[in-house]
Each structure stands twice: as C-alpha cells, then as structure tokens.
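**Q** Model the full structure from these sequences, guided by the hints.
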Amino acid sequence: GIQVEQSPPDLILQEGANSTLRCNFSDSVNNLQWFHQNPWGQLINLFYIPSGTKQNGRLSATTVATERYSLLYISSSQTTDSGVYFCAVEPVDGSEKLVFGKGMKLTVNP
Amino acid sequence: DAGITQSPRHKVTETGTPVTLRCHQTENHRYMYWYRQDPGHGLRLIHYSYGVKDTDKGEVSDGYSVSRSKTEDFLLTLESATSSQTSVYFCAIKSDRGPDTQYFGPGTRLTVL
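Protein chains in written order, with our numbering: chain A, 1 to 110; chain B, 111 to 223.
If you are wondering where the hints come from, they were derived from the structure by calculation, not from laboratory data.
Using 30 Å as the maximum straight-line C-alpha spacing, the simulated DSS-like pairs for lysine-lysine come out as follows:
#: 1; chain 1: B; residue 1: K163; chain 2: B; residue 2: K180
#: 2; chain 1: A; residue 1: K105; chain 2: A; residue 2: K54
#: 3; chain 1: B; residue 1: K121; chain 2: B; residue 2: K167
#: 4; chain 1: B; residue 1: K163; chain 2: B; residue 2: K121
#: 5; chain 1: B; residue 1: K121; chain 2: A; residue 2: K105
#: 6; chain 1: B; residue 1: K180; chain 2: B; residue 2: K167
#: 7; chain 1: B; residue 1: K167; chain 2: A; residue 2: K105
#: 8; chain 1: B; residue 1: K121; chain 2: A; residue 2: K102
#: 9; chain 1: B; residue 1: K180; chain 2: B; residue 2: K121
#: 10; chain 1: A; residue 1: K54; chain 2: A; residue 2: K102
#: 11; chain 1: A; residue 1: K102; chain 2: B; residue 2: K167
Predicted, not measured: the structure shown is a model, and the values here were computed from it.
**A** Here is the structure:
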C-alpha cells in the first residue's frame, strides 16, 4: 500500500521561529490533509490540500502532487502550536480511506 | 467539530470482557471511520462505514467488529478485549459537503488489564 513519511520526527523551537514540515508519499493521491493534535489529544483539521497552496493565518501548506510531497509552514511559532502534526493521504484506488504518516512532534518553548 | 461525540471517553476493563464504543454524529454524513492511535504508529484505520449497514475493514480490523444501524451512530465492538487493544480510539466522519475533509471526535482512552 501507499507509504507516507513525515520529517523531521521531532522539532523543538523557540517562540517566534519559523518551521517547515515535510510529507512524502509513495503513490498518486486524491486527497491530502494536514492535522494538528494538541496536547489534550484533540485532532484538528488544518488543511485539505491535494494540490496547490493554501494559507490560513500563520500556517500555509503546499502540495506538489506530481512530485509526491507536501509541506506545512508555520511562521512566527507560538507555544499553542505545540503538539503532533499528521499528514494523511487518500490513494487513488477509490478506497475512500486516509493513510496517516507517523506524525511529527513540535515543541515550541517560550 | 462536525458534531461528533464519543462515549465513553475513558474505560478500564479486564481481558476477555466485551467492550462497545459509540460514535455519534449530528450532521448525517455518509462516511464514518474508527481509528486507533498508538505510540510510534500514528493513526491506523480499524473499520469504516459508507452508509447504514454498509461497512468494510481497515488496516487493523482483527479482533474488532462494527455496526451501523442508523446514520448517526457507528459502534465499535471488541468481542473479547485483549491487552494489545489498549489504545486511544478515534471516530471520524468525512464531510458530505464541500471537500472530502475528515473531522475527528474527541477520542476514547481504553485500558485493558
């Protein structure tokens, strides 16, 4: 099945720094989403981005489907950005199922 | 949050006992999913449903069964719980309106002793 790899696995930043999270996937996809899991465990949808670029406040995401990767940018990080970020993809096999990467843990220190 | 609730939110049970987790949605979305989250594995799909009485297996379905008798409810049953099923279980829906975005419930922490 499709493989989803996220990097880096862990990242520690000082408040105000910028960061880039990468998601590589091994096959063509219909759907790609980024999620943030906060320290209380809640999973929040950040972006639905099978291709192109989107921005939402300090966060933006870009997916280059032809090269099978997506990037999540966090600018001027805040302590509330801490948590785990997941990339998830839906293969083009018609399964209507998301396959998740193992996640990237971000810690933003004050 | 797409009106998704899960119950119970926490449960401790003993090996060999049956356990049922409930997912309830208020917006009548067609697709519903059950995932488990374990350290080092991310989220893995257990079962999903694409309509009333229509379900299919996911990546880690062994030891689990599901039922969906109403659009709004999706039940996950562990027929005989084992310690390897200690995990955090998440329910999700895929929105029928707009992009195919999944939204998650708050999760259920299950401990099997």
